[in-house]
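Asker: End of the sequence shown = 108 in the working numbering, gap-free, step of one.
Keep in mind the hints are simulated off the structure, nothing from the lab.
Glycine included, C-beta positions come from ideal geometry on N, C-alpha and C.
Treat each hint with caution, since some may be false.
[As the list claims (entries may be wrong)] If you anchor each label on the Cβ, the simulated ranges turn out as follows:
#, residue 1, residue 2, range
1, 106, 36, 16 to 22 angstroms
2, 64, 19, 17 to 23 angstroms
3, 94, 11, 17 to 23 angstroms
4, 13, 53, 30 to 36 angstroms
5, 33, 80, 30 to 36 angstroms
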Amino acid sequence: ALREALAGIGNVAAIHEAGDFESAKALVVANEDVDLVLLDLSMPGASGLSGLVSLRGIHPAVPLVVVSAHDDPATIRRALDLGASGFISKSASMEEIRSAVQSVL
């Protein structure tokens, strides 16, 4: 669903996907010109918000949006406090995803 939503944004040149946190981290390190990171809080290899903290340390200026089914206010606030540029609920519509991504690009 995320790939499909991103495909609807005109200026998206390339989309890289990772199945676990170590692969995601390697992609971010290898692609220094990355424009945006979408991070799933349930990604294997990252415990809760630790992945966010780790990626934020690698690329502090890159917009990093957390994607999660855990969309309670406390989780969202904690993610934003730890440096997330935004938060997308996994229950969000395609248009809400596009809008959220465009707002941080």
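Asker: State for each hint whether it applies.
Answerer: Here is what the structure says about each hint:
1. Restraint check, residue 106 to residue 36: a C-beta distance of roughly 21 angstroms satisfies the suggested window 16 to 22 angstroms.
2. For residue 64 paired with residue 19, a C-beta distance near 18 angstroms keeps the hint of 17 to 23 angstroms intact.
3. The given range of 17 to 23 angstroms is respected by residue 94 and residue 11, whose C-beta atoms sit roughly 18 angstroms from each other.
4. Distance hint check for residue 13 and residue 53: the Cβ-Cβ separation is about 34 angstroms, which falls inside the suggested range of 30 to 36 angstroms.
5. For residue 33 and residue 80, the hinted distance range of 30 to 36 angstroms is satisfied, since their beta carbons lie about 32 angstroms from each other.
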